[in-house]
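**Student:** Got chain A sorted already, so can you dock chain B onto it with the hints?
There are 2 protein chains.
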Amino acid sequence: MGVITFINFFEYNWQVRDEWFDWCNQLSNEELIKDRTGGVGSILFTLFHIIDVEYSWIRGIQGKEDVVVEFADYDTSEKVKSLSVRFRSEIAEFLKTNLIELKEKVVGVPWDEDKYTVEEILHHLIAHEIHHIGQLSVWSRELELTPVHANFIGRKFKSSHSY
Amino acid sequence: MGVITFINFFEYNWQVRDEWFDWCNQLSNEELIKDRTGGVGSILFTLFHIIDVEYSWIRGIQGKEDVVVEFADYDTSEKVKSLSVRFRSEIAEFLKTNLIELKEKVVGVPWDEDKYTVEEILHHLIAHEIHHIGQLSVWSRELELTPVHANFIGRKFKSSHSY
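Sequence order for the protein chains is A and B. Per the numbering used here, the first sequence starts with residue -14, numbered consecutively. Per the numbering used here, the second sequence starts with residue -14, numbered consecutively.
Just so you know, the hints here were simulated from the structure itself, not pulled from any lab data. Incorrect hints may appear among the rest.
[Said to hold, decoys possible] Label-pair ranges, simulated between beta-carbon atoms:
#	chain 1	residue 1	chain 2	residue 2	range
1	A	E55	B	H134	22 to 28 angstroms
2	A	S74	B	I85	26 to 32 angstroms
3	A	R140	B	N83	25 to 31 angstroms
4	B	E4	A	I85	28 to 34 angstroms
5	B	N136	A	V52	17 to 23 angstroms
6	B	K90	A	N83	23 to 29 angstroms
7	A	R140	B	K90	16 to 22 angstroms
8	B	L130	A	Q0	29 to 35 angstroms
9	B	H134	A	D20	48 to 54 angstroms
10	A	T22	B	V52	45 to 51 angstroms
11	B	Q11	A	T22	15 to 21 angstroms
12	A	N10	B	K64	40 to 46 angstroms
13	A	E55	B	L130	45 to 51 angstroms
[As the list claims (entries may be wrong)] Selected chain B positions facing chain A (Cβ under 7 angstroms, derived; list incomplete):
#	residue
14	I18
15	T22
16	G26
17	G93
18	Y101
19	E105
20	H109
21	A112
22	I115
23	Q120
24	S122
25	R126
26	L128
Note that beta-carbon positions come from the ideal geometry of N, C-alpha and C, so glycine has one too.
So here's chain A without its partners, still in its complex pose:
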């Protein structure tokens, strides 16, 4: 059975996310926060939601209290990107720790009545972001814009130390 490191998927997601922030620069803020069909509603709220969910679960794994962020305070692409940068450095630090020892640990969080292992939660976060990015790609084509390329192969990743 093959084993892989989680970090590759997180680095992929972070790289693609940053490319979506660049992509956002071609649109007005009105278009970015406009309600759309499917997903969580708007392009910018999708990016905010991905970041919020990732950070909340990573804090949950660490037994830290949830930090509630409100979209009303992060309603421009610049603000959401700065939130992403801020949370990411903390997440990258955590992902450098020895997750093998943690992966069977059972975690409970205030926003979910069930408990999950750290391994399940990390899988969830990876799939969660990729899924929502797939939704952005459809909205992009509906706006007659080329979406960010989603391929995993052909990308170069920084070492996690760069984050």
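**Tutor:** Then chain B, alone, in the frame of chain A:
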């Protein structure tokens, strides 16, 4: 650094894919093959494409010749599902082998001029399917239908031996 097994993500993708086949039953074949904005075009072609790409790369990793399948021969949900079942058993067998030994192996395939490691290709296949499923979820809402739930957490997976 955490390590995870690839099989969990493949099982997640296969379970979600099967739920999308069930979801397809509420639509006419005309709706399923109708061209839509974004992604690879239609709901059914998306599912066909995911299956084709997964199988082609897994055969490529094994050094086996590519099997070309034409969508014209698989233009109903039943036919695409049967293709998925057929290919999956072969893929599941391969994923049971010791991928740790293989992961650094460099693979070249006829449809891509670059070469990639087995590890990169397996990451690519996992992200590829999740991304396209995200696209289906938007089209589903545009059809005023509830999409298949995409959460990783809260799912029960069969052992890979069941496939």
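**Student:** Tell me, in ascending order, the numbers of any earlier hints that this structure violates.
**Tutor:** When the structure is compared with the hints, numbers 9, 10, 13, 14, 16, 17, 26 turn out to be violated.
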